[in-house]
Amino acid sequence: MSSLPMSIAVEQADPAAGKAGAWQHFRLWRVLLGLVLPVALALGWELAVRAGWSNGRLVPPPSVIYSTFADLARTGELQHHALATTLRVAAGFALGVVAGTVAGAITGYSALTRRLLDPSLQALRAIPSLAWVPLFILWFGIFETSKVLLIAVGVFFPVYLGVMGAIRSVDRKLVEVGRAFRLSDAAMVRRILLPAVLPAYIISLRSGLGLGWMFVVAAELLGASEGLGFLLVDGQQLGKPAQIVAAIVAFAIIGKIADWIVAAAAAPFLRWEDRFSARGGEA
Amino acid sequence: MLALDRVGKTYPNGVRALDGVTLDVAPGEIVAVVGGSGCGKSTLLRAISGLDRPSQGSVLLDGTRIVEPHEKIGIVFQEPRLLPWLTVADNVGFGLADRPAAERRERVAAALDRVGLADKAKVWPRELSGGQAQRVAIARALVPRPEVLLLDEPFSALDAFTRADLQDHVLDLWAELRPTLILVTHDVDEAVVLADRVIVMRPRPGRIFEQIEDDLPRPRDRQSAGFDFVKRRVLAALDRSLDRAATVDEGQTRAESGAALWW
Ligand SMILES: Nc1ncnc2c1ncn2[C@@H]1O[C@H](COP(=O)(O)OP(=O)(O)OP(=O)(O)O)[C@@H](O)[C@H]1O
Ligand SMILES: [Mg+2]
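Those protein sequences? They're chains A and B, same order as listed.
If you're matching positions, the first sequence starts at 342 in the numbering used here and goes up one per residue.
If you're matching positions, the second sequence starts at 38 in the numbering used here and goes up one per residue.
For the record, the hints were derived by calculation from the structure and aren't laboratory data.
Possibly wrong hints are sitting among the right ones.
The calculated lysine to aspartate or glutamate pairs, modelled on EDC-like cross-linking and capped at a C-alpha distance of 16 Å, are [as the list claims (entries may be wrong)]: (1) B:K109 x B:D99; (2) B:K268 x B:D224; (3) A:K514 x B:E250; (4) B:K268 x B:D252; (5) B:K268 x B:D233; (6) B:K268 x B:E250; (7) B:K159 x A:D575; (8) A:K514 x B:D224; (9) A:K581 x A:D459.
Examples of chain A residues toward chain B, derived with CB under 8 Å [to be verified]: (10) V511; (11) K514; (12) R520; (13) A521; (14) F522; (15) R523; (16) D526; (17) V530; (18) P536; (19) W613.
Even glycine gets a Cβ: it sits at the ideal position worked out from N, Cα and C.
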């Protein structure tokens, strides 16, 4: 009798361990497989330039990009420009998120405001946002205000649409649970609507943030004395492709970190989610 | 005491879901409501719960008119409707938000214990089976200690064994707090096992067709002759409620076709 649970436990433990090991292997392989192409290209190019088959002036080899990047970082220039850009995105993002959340919440909650506001907002959304640039510059000058506003416009729409759609699609049956427990309007928002829309909200924040980075480039390309976008223009005007690529790399890294911060900050609140992709993570 | 006075409900689309339903339910009484699909059982329960307002008549609980959800009335829906972002314990404690944390914890733990899910307190709703989820929903409705608990086909999605299990469970819970229970069901066995009184409804418009007293001694034996007898009476009443409706319809169509001929 007593040996039975033992044998079951052993049998269970073994394949589980094997599975986990195999899974790790598989993951490692997938990552490595994705790296094959870029690494091969980079190495190939590096060799080609070293061998003298190309002068590498227009397309600098990885070693030059790396040393440019390191130089920029050493002099503090990179940090200075990255900070300027990040602050712009942060300000525009904050503005766009607040406006988008408020507008999305009231249009999602009340049909009257939706009929009143949504058509105009949808019409504005149809305008390619960069078309605003000349007007913004006329109105707000060429300095920070117009840049931040442009970014805010970019962030606004995905957040607005995300929040409105999420609130409208909250399960009526869960709202009814709130009613059965006699929640006040404020409690209904806090205890039912907000948690219900949170997953969709985080997704819209992340796509808003992505657009924010896109728009900061546009804003800085159009005239700035600092920022990663300035590094791009500067590199173009002075014929320094390595600096351009270094700025692009910086954009990629900071953008990825910002997205990761939003996702990581939200993760503790989304552990309850019953998602297809959440299943693997728990096993 | 719960009193319904000529309650009627006409939906905006013109469907007369209820018409002149008058019913008194004593405190602690268990009433089962049965009837064909679409005869207004859910509508009746929603009117009592205050989630919907009746178009005519009134629902009174101890003399207070119910026009919106009331703290003394709890409801369990056909689906568990647990909030997926709250743990099982927080779901059960959902109606106790205004109580001190210590009291809330204590009452939640006691309620989970009573429905046999003490070990699931920290679990997310997605990790529960259907029967477990429905037990959590019942615990959630019971924790604020309602005087009236409404159950709308709470077990209809469950298999026969789980269902019988939960019926016993509900009886145990009832024995403890003695709330008034109003249970809508499609399962005549369930009605006869649980109820002191079985109400048979008929459709178009929904009204009470017949009431059958069920005073079998508890605990009830599903194999006993007495059980069978009450069950037959309910089934017969159900049959008649549907038949009568059919003949009325037939009569109408005959009259109409006659009228058509005459024209
Ligand atoms: N929200 C609504 N709007 C319009 N008509 C409705 C609505 N809800 C129910 N009805 C109609 O009212 C009648 C009674 O519906 P109800 O849901 O109360 O029936 P029921 O007895 O609970 O049926 P079932 O046993 O199938 O659950 C039906 O004819 C239905 O079509
Ligand atoms: Mg129903």
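The hints, checked one at a time:
Among the hinted pairs, K109 of chain B with D99 of chain B is consistent with the structure: their alpha-carbon atoms are about 10 Å apart, no more than 16 Å. Note on K268 of chain B and D224 of chain B: the hinted pairing holds, with a Cα-Cα distance of about 10 Å set against a maximum of 16 Å. Between K514 of chain A and E250 of chain B the CA atoms are separated by roughly 34 Å; this puts the pair beyond 16 Å, and the hint is violated. A threshold of 16 Å between alpha carbons decides the hint, and for K268 of chain B with D252 of chain B the separation of about 12 Å falls inside it, so the pair holds.
Simply put, K268 of chain B and D233 of chain B have alpha-carbon atoms about 13 Å apart, close enough for the 16 Å limit, and the pair holds. A C-alpha spacing of about 11 Å is found between K268 of chain B and E250 of chain B, which places the hinted pair at or below 16 Å, so the restraint holds. Pair hint K159 of chain B plus D575 of chain A does not hold up; C-alpha atoms about 57 Å apart against a cutoff of 16 Å. With a C-alpha separation of about 24 Å, the suggested pair K514 of chain A and D224 of chain B falls outside the 16 Å cut-off, and the hint is violated.
Proximity of K581 of chain A to D459 of chain A is assessed by CA-CA distance (about 46 Å); at most 16 Å being required, the pair is judged violated. Given hint, V511 of chain A at the interface with chain B, is violated; its Cβ is 11 Å from that chain's nearest Cβ, farther than 8 Å. Satisfaction of the interface hint for K514 of chain A is found here, the shortest Cβ-Cβ separation to chain B being roughly 5 Å, below the 8 Å cut-off. The beta carbon of R520 of chain A comes within 6 Å of a beta carbon in chain B, closer than 8 Å, and the hint placing it at the interface holds.
With a cut of 8 Å, the hint placing A521 of chain A at the interface with chain B holds, because the nearest CB-to-CB distance is about 5 Å. Annotation: interface hint on F522 of chain A holds; nearest CB of chain B at approximately 5 Å, less than 8 Å. Because the smallest distance between the Cβ of R523 of chain A and any Cβ of chain B comes to about 5 Å, under 8 Å, the interface hint for this residue holds. Because the smallest distance between the Cβ of D526 of chain A and any Cβ of chain B comes to about 13 Å, over 8 Å, the interface hint for this residue is violated.
Using the Cβ-Cβ criterion of 8 Å, the hint placing V530 of chain A at the interface with chain B is not satisfied: the shortest such distance is roughly 14 Å. Restraint check, P536 of chain A versus chain B: the minimum CB separation of about 4 Å is within 8 Å; hint holds. Given hint, W613 of chain A at the interface with chain B, holds; its Cβ is 5 Å from that chain's nearest Cβ, closer than 8 Å.
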